[in-house]
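Asker: As a plain string of letters, each chain reads:
There are 2 protein chains.
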Amino acid sequence: MNMISKIEEALIEYLPSKDCIEKKLIESMEYSLMAGGKRIRPCLVLEFSHLCGGDLNQAMPFACGVEMIHTYSLIHDDLPCMDDDDYRRGRKANHIVYGEDTALLAGDALQALAFEIMSSSATEENAYRATKAVAVLAKYCGAVGMVGGQVIDLTYEDKTANIDVLREMDSKKTSGLIKAACEMGCIIGGATHRQVQAARDFGESIGIAFQIMDDILDVVADEKKLGKPTGSDAGNNKSTYVSLLGLEKCKLLIDELTDKAIKSLENFSGDITGLKDLALKLASRDY
Amino acid sequence: MNMISKIEEALIEYLPSKDCIEKKLIESMEYSLMAGGKRIRPCLVLEFSHLCGGDLNQAMPFACGVEMIHTYSLIHDDLPCMDDDDYRRGRKANHIVYGEDTALLAGDALQALAFEIMSSSATEENAYRATKAVAVLAKYCGAVGMVGGQVIDLTYEDKTANIDVLREMDSKKTSGLIKAACEMGCIIGGATHRQVQAARDFGESIGIAFQIMDDILDVVADEKKLGKPTGSDAGNNKSTYVSLLGLEKCKLLIDELTDKAIKSLENFSGDITGLKDLALKLASRDY
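Sequences listed follow chains A and B, in order. When we follow my numbering, the leftmost residue of the first sequence carries the number 1, and every step to the right adds one. When we follow my numbering, the leftmost residue of the second sequence carries the number 1, and every step to the right adds one.
I should point out that these hints are in silico values taken from the structure, not numbers from a laboratory. Heads up, a few of these hints could be off.
Since copy identity is lost for identical chains, a pair holds within one copy or between any two.
Calculated lysine-lysine pairs in the BS3-like style (CA-CA distance at most 30 Å, straight line) [claimed, not checked]:
#1 K276 <-> K6
#2 K24 <-> K260
#3 K24 <-> K238
#4 K263 <-> K18
#5 K238 <-> K18
Throw the hints in and build the complete structure from the sequences for me.
Answerer: Encoded structure:
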């Protein structure tokens, strides 16, 4: 079984039983959690944990935890009071299928479930590492991380942002969870302090590269492959890396960031092939 | 300094600095977190931890964590797509002051902050207890707890619920966090398994009594004292303990539940005065 199948099998097992009055809530959580996606964040947790000599079963709750947080953020982002998007990954958005109230609550419940599965997986032996990994994810997904980045995004929705603002926003909004995933994998796997720092650098670089690629794809991609309409940034007069720097400079920047990310893997003595391939794959994706 | 002042001092210290682009988010979190309230849940954490011989400073992040979860749930409950309430505790609801988007995100960030402060407070010595306490809160605030109860509430908004449904809803929606607070205090304080169970029974009983009292106050209270309009349940044709059982039976039930709660404290050898007083005070409150 490949890594993504293992992650998806674990995700579905962590969902509560539908045999309850609030069945619709669980269905709504499952609808978004099992909607596919690249599963980049959980793969990063497992890859870094493995690289540091960690055990797959101990890392899996943290891999699934970060994916649940990512999923809840997408559900809330699509709500009418936020980006008001009717489609996500080529399917109807959660609130279109289940209603705004259930979608809001499904997001809230996915955030709680993430913290539940991570914390309840702890044993007396790895509890201290677990608390550190949970604290990292909670920080990167909160007010000074992902949610903060979303607020910056909303603040600059109808005004021009400069490159520094864009960088801070994406460092929080997009790189936030990616950095969290890299750090968590290291912590659970028993990395040194220096390795955790290197994993954070790796996450920051591929996270920003990921966002620049998102901006490029919004201009050049095939809508069918992408699973969402293109041209939305230009239509909304939104500042993006492409609008501020141009396509060519953006492509160069992605290459630079990917090189930097791969260089930071020199701090690990294990087999870095998986992480190197992932960074290169993200830098050349067309969806 | 009394217990509530200590809790409020700690709450404000845990909030991130406002010296950032996303200042409005932090202000919105603070607006609701520092809006007063009875601080029942954090008091329960501290009381149970103290009863089990725990240290105040170790228990405080868990006390503040449960209050942050409670606060986020109130912000989300008031949103237009949920209960659509413009007022909370005699002040404008969060989304009326900061807008729906920021209110939604402030709720999300408060949930994350709760898990961050609890997990990052762990030391190598108490990490296993911390993971267990975090797992308890995450479970009781998620799909099979508070959020699940909210879904049942929405499901029965426009149809008659029987007493069993009402009981299940309140056991999750209202008692959920109250039970979590009691259990967490015990776990952090180093209680036995039997004591944790007794604390859960205490929480379940005072939680249901609390909800019945809420239903009574919606019929009989002074609006000014209560800080919100009365008569809303009857106006919405909502099934409540009062509509299903009548006022007199409800008052008897509160007394029974309070007696049961106090009886469960017999499992503890320490000074139970604080918890006994709290149960009695909740049973006779007029706001």
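Asker: Hint by hint, note whether the structure agrees.
Answerer: Status of the hints after comparison with the structure:
Taking the shortest Cα distances, K276 and K6 sit within 30 Å of each other inside one copy (21 Å), while across copies they are farther apart (50 Å). For a Cα distance limit of 30 Å, the shortest separation of K24 from K260 qualifies neither inside one copy, at 45 Å, nor across copies, at 34 Å. For the homomeric pair K24 and K238, the shortest alpha-carbon distance between copies (21 Å) is at most 30 Å, but the shortest distance inside one copy (36 Å) is not. For the homomeric pair K263 and K18, neither the shortest alpha-carbon distance inside one copy (46 Å) nor that between copies (35 Å) is at most 30 Å.
In this assembly of identical chains, the alpha carbons of K238 and K18 lie at most 30 Å apart only when taken from different copies (26 Å versus 41 Å within one copy).
The earlier numbered hints that this structure contradicts are 2, 4.
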